[in-house]
Structure formats: structure tokens, C-alpha cells
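As you go down the protein sequences, you meet chains A and B in turn.
Read in full-length UniProt numbering, the first sequence has 260 at position 260, and its numbers run on one by one without any break.
Read in full-length UniProt numbering, the second sequence has 47 at position 47, and its numbers run on one by one without any break.
It should be emphasised that the hints constitute simulated quantities derived from the structure, not laboratory data.
Among the clues, some could well be false.
[Stated by the list, open to error] Derived list of chain B stretches under chain A, where covered just means 3 residues or more per stretch with a C-beta under 8 angstroms from a C-beta of chain A:
| no. | segment |
| --- | --- |
| 1 | 34 to 40 |
| 2 | 43 to 49 |
| 3 | 66 to 79 |
| 4 | 89 to 100 |
[As the list claims (entries may be wrong)] Mimicking SDA-like on lysine to any residue, the simulated pairs with C-alpha atoms at most 25 angstroms apart in a straight line are:
| no. | chain 1 | residue 1 | chain 2 | residue 2 |
| --- | --- | --- | --- | --- |
| 5 | A | 343 | B | 9 |
| 6 | A | 305 | B | 77 |
| 7 | A | 302 | B | 69 |
| 8 | A | 391 | B | 101 |
| 9 | A | 343 | A | 261 |
| 10 | A | 302 | B | 77 |
| 11 | A | 343 | B | 101 |
Please read these numbers as outputs of a predicted model, since none were measured by experiment.
Glycine included, every Cβ here is placed at the ideal spot set by N, Cα and C.
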Amino acid sequence: MSAHPQHPAHIIRSDAEAIEVATRLAARFAVEASARDRERRLPVVELDEFSASGLWGITIPKAYGGAGVSYVTVAEVIKLISAADPSLGQIPQNHLGVVDILLQTATEAQKQHYFGKVLQGYRFGNAFSEAKSKNAGTFDTQIRFHGDTAQVNGEKFYCTGALFAHIVPTAGNSEHDQAFIAFVERDAPGLTVIDNWDGFGQRTTASGGVTLDGVTVPLSAVVPAHLAFDQPTADGPISQIIQAAVDTGIALGALEQAKIFARQARPWIDSQQEHGWQDPFTIAAIGDLEWRVHGTEAILVKAGKAVDQALAEPNEDTVANASLIVAQAKVLSAETALLASSKLFELAGTRSVTGKHNLDRFWRNARTHTLHDPARWKYHLIGNFVLNGVKPARHAWN
Amino acid sequence: MTALNQARQLLESTRRFIQTSDDPYVISRFGDLQIRVDVAAALLERAETHPSPVALTEAQIAAAEALIFASNTEFELTGQRTALPPTLDDPLRWKYQVVGNYHLNGVL
């Protein structure tokens with residue numbers, strides 16, 4: 001992968017155009033989604049089309065030449081793409097998160113520089129998480145400042161998108177234990193991106209390892225990312241709403257297949273019906289899935305509005321409110337994606353498990369992606385505010 | 001009173017009874033109940049802004065399920081149960097059929 005896009009990206013001008021472009025792309029991405037999953041064929045061509053469409057630049061504020069779309073729209077775009085192929089839906093997750101980190105913590109010159117790059121079609125990957133650090137929020141990777149450069153050393157994992165990126169934002173701690181992000185060119189000496197993601201779901205996200213061995217960047221390529229959480233900003237809710245949108249997309253994709261296959265199912269012998277779709281229990285089970293999926297979508301819209309409010313007026317209350325509603329979307333989307341992708345088989349019958357349909361990809365993708373952060377702690381986060389008035393902790397998972 | 005409002009009321013009266021707690025299971029129970037109430041409210045709003053022939057039925061299911069959950073939570077955490085209004089004339093079980101038959105078979 002080169003450090004530059006092959007073609008300049010289209011610039012999207014409005015929320016409506018973003019939805020229109022996403023709808024068109026989703027239809028194209030759906031065609032070979034199953035084959036890509038089955039063969040673990042990395043979506044290199046599709047990603048070029050995806051970022052060239054301008055959808056990776058829609059959150060750049062209008063003042064910097066972007067469309068500055070609502071997060072209701074961002075969630076809808078990611079949902080639409082994820083219903084077709086959730087690996088493609090997940091890959092821009094950190095890119096969009098990084099755009100917000102820049103908005104919250106970069107200097108004016110850095111914003112001009114990197115937002116300009118994104119509008120040209122540059123893709124950010126990520127080298128944030130580490131498989132060996134104490135917990136998800138700690139980094140062993142070091143960023144050390146020497147004069148007008150910084151040096152990065154460390155070992156990363158779960159680096160979704162890094163393999164396909166032009167620039168790999170890398171998180172590490174300074175000698176004062178504060179988190180910074182260094183923007184490392186994809187072809188920088190000392191940066192190695194390893195294609196070793198072999199998870200059973202989200203198979204084509206290339207969420208594998210990155211190593212940084214004495215990587216040197218100018219100070220102009222480093223931002224004080226800790227500021228996004230030292231003070232109240234929308235950054236945590238922005239990261240999370242994209243997660244919820246991916247899972248909502250998986251739920252929608254699974255429900256659509258459930259209906260197609262349930263319509264084709266043979267009638268059960270005791271139902272005394274001519275067709276499977278007349279089965280009263282099948283009908284009621286579809287009814288149950290439908291309201292749950294629609295409820296998830298409705299909360300996702302509310303979450304997008306809360307994120308917009310936190311972006312417009314960042315303070316303790318608006319950021320807490322965004323975290324709380326996004327947490328609802330996270331819980332609902334995780335549960336609905338897992339339920340729909342499992343019920344699919346119950347309603348479609350044994351013929352639906354044959355290999356040629358590859359319908360298990362919905363459950364494999366739902367189970368894998370929803371592990372990003374545990375829903376059980378989101379019930380606690382919401383309950384702790386309802387019962388005890390405690391606002392959610394501010395970090396990238398809330 | 002609608003099922004949604006009654007669910008909200010049970011959430012509030014149970015919260016007042018407990019006042020505060022550091023028990024992680026009690027805390028997360030309130031989170032779970034709040035989500036169910038808010039989904040029902042969001043679906044009701046959606047039925048008004050995105051009219052589909054079964055959108056209101058979907059909101060009614062969500063509200064009924066939220067109310068049952070609220071009532072069980074009240075009983076578990078306070079030891080008492082507020083009587084719920086009878087629903088025999090409008091059975092919940094057939095609402096799933098109405099929603100499913102529309103989305104699976106296009107039948108109203």
C-alpha cells in the first residue's frame with residue numbers, strides 16, 4: 001500500500017448526498033460480500049472506491065471544505081454499508097475517530113493539513129490498541145520527544161484499517177504518561193503492518209498487528225490526544241456510535257436474509273400449512289425481530305442527535321448525555337445483531353446452514369465485532385447515572 | 001394510563017425506593033430498564049414521524065415489554081408489586097403476528 005491515494009476523492013456537499021452515495025455503494029458492496037468473507041479476500045478495490053466516493057471526508061467541518069454532516073447521517077452511512085458488508089463498515093471507524101481527534105486536539109495548521117489530505121482521499125488506519133498492555137486503555141508504546149521530532153516504539157494489535165491506510169495514526173504515551181497520537185506515513189521506515197488477523201468474523205478488516213521500531217516523525221505530525229478526554233468532548237461518543245452503527249447494519253442484513261429464507265422454507269409438518277411463511281410462530285418471530293431492529297435504529301438516530309449536541313456545545317452534561325444514549329444504541333445493536341443472526345437459521349431451517357449460502361457470516365461478524373467493548377458494562381454505565389447520578393467515565397469506549 | 005407512562009412511573013418509584021446503591025447488579029438492572037423505556041418512547045416517536053402501517057403496533061409491543069420488565073424489577077428490588085391494568089381485550093401475543101405478517105408477507 002502506498003502512502004498516497006491513486007485518485008483524488010469526490011467531495012460530498014450535503015447529508016442527503018452522503019446517504020445517496022452510501023446507498024449506491026452498499027448495493028455494489030453487497031454483491032461479493034459473501035465471497036470476500038469466504039475467501040478472506042481483502043477489500044482493496046472496494047476501499048479505493050469507498051474513500052474516493054468522498055464518504056471518508058463527510059465529517060470534515062464546512063470551514064475546512066467538508067460537508068460537516070450530522071452524526072445521524074454518519075451513523076446511517078455506516079449502517080447502510082455494514083448491512084452490505086460489515087468489514088467495510090468497520091474499516092473507516094478509526095479514520096472517522098481520528099478526524100474528530102484532530103478537530104479536538106490539533107493545531108490550526110495541523111487541521112488545515114490533515115483535513116485537506118482526507119478530502120483528497122487519504123485514509124487513516126490506526127495503531128491504537130495493544131494486545132499485551134494491562135487493559136484496553138493503557139499503552140506500553142512510547143512516544144518520546146527530541147527537539148523538533150518524536151520517536152515512536154511499540155507493538156500494536158487490532159489495527160483495523162492500517163494495512164489499507166495511507167497514514168497510520170499511532171497512539172503512545174509520553175514520558176509524563178500522557179497519550180499522544182503520531183501520524184505515521186504508511187511507508188515510513190520502522191513501521192511494519194502485519195496481515196495476521198485470523199478472527200472468525202469481520203474477516204476482511206485486516207485487524208492485525210503493527211510494530212513501530214524507532215519510527216521518527218516531525219512534531220507537526222503529533223497531536224496531544226489526551227486533551228480529547230481531559231476535558232469533555234464528543235470524541236468517546238463518536239467512536240462508540242460508529243460501533244453501534246456497524247452492529248445495527250449487521251442486524252438489518254441478517255433480518256433481510258431471515259425473511260428471504262423464511263419465505264422459502266418448507267412448512268413444518270404440524271403447522272398444517274401449505275407454505276413455511278404461513279407458520280404462525282415464524283410470523284410472530286419475524287414480528288419480534290422487526291420491532292427490535294426498528295427500536296435499535298430509532299435509538300441510533302437519537303444517539304446521533306446527542307453527539308451533534310455534544311459537538312456543538314461541549315460540556316460535562318452534553319457529553320455525558322451523548323455517552324448515555326450512545327451506550328443504549330451499543331447495547332441494543334449488539335443484542336439485536338446477535339439475535340437476528342441466530343434466529344435467521346431457526347426460521348429458515350436446516351437448508352440455510354449449507355456452506356454455499358455462507359449465512360453464518362452474519363453471526364460470526366456480529367459476535368466478533370460486538371466484542372470491541374462489553375455491553376454488560378453499558379447497562380452499568382446507564383444504571384449508574386439513573387440510580388446514582390454518576391456521569392460516565394470519559395474515554396474512547398464511552 | 002399508557003403502558004409506557006406506567007413503566008416510567010414504576011422505574012421512578014423503584015428508583016426512589018432504592019435511593020442509591022453500589023451493587024453492580026442492582027445498578028445494571030436500572031440501566032436495562034431505562035433502555036427498554038427509552039426504546040418504547042423512541043418507537044412511539046418514530047410511529048409519528050415515519051408512518052408505517054404497523055409502526056404503532058411495534059411501539060405498543062416495546063411499551064408492553066418495558067412495563068412487564070418494570071413490574072418484575074419493582075417486585076425484585078422492593079418486594080412489592082403495583083397492580084397492572086388488565087390487557088385481555090388487547091392481547092400482546094397477536095401484536096407480534098400483526099407486525100410479522102406485514103414485514104414477512106406484506107399482509108395487513
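Structure-based check of all given hints:
no.	hint	result
1	34 to 40	holds (count 5)
2	43 to 49	holds (count 3)
3	66 to 79	violated (count 0)
4	89 to 100	holds (count 7)
5	343/A to 9/B	violated (33 angstroms)
6	305/A to 77/B	violated (33 angstroms)
7	302/A to 69/B	holds (23 angstroms)
8	391/A to 101/B	violated (42 angstroms)
9	343/A to 261/A	holds (11 angstroms)
10	302/A to 77/B	violated (30 angstroms)
11	343/A to 101/B	holds (17 angstroms)
Comparing the model with each numbered hint stated earlier shows that hints 3, 5, 6, 8, 10 do not hold.
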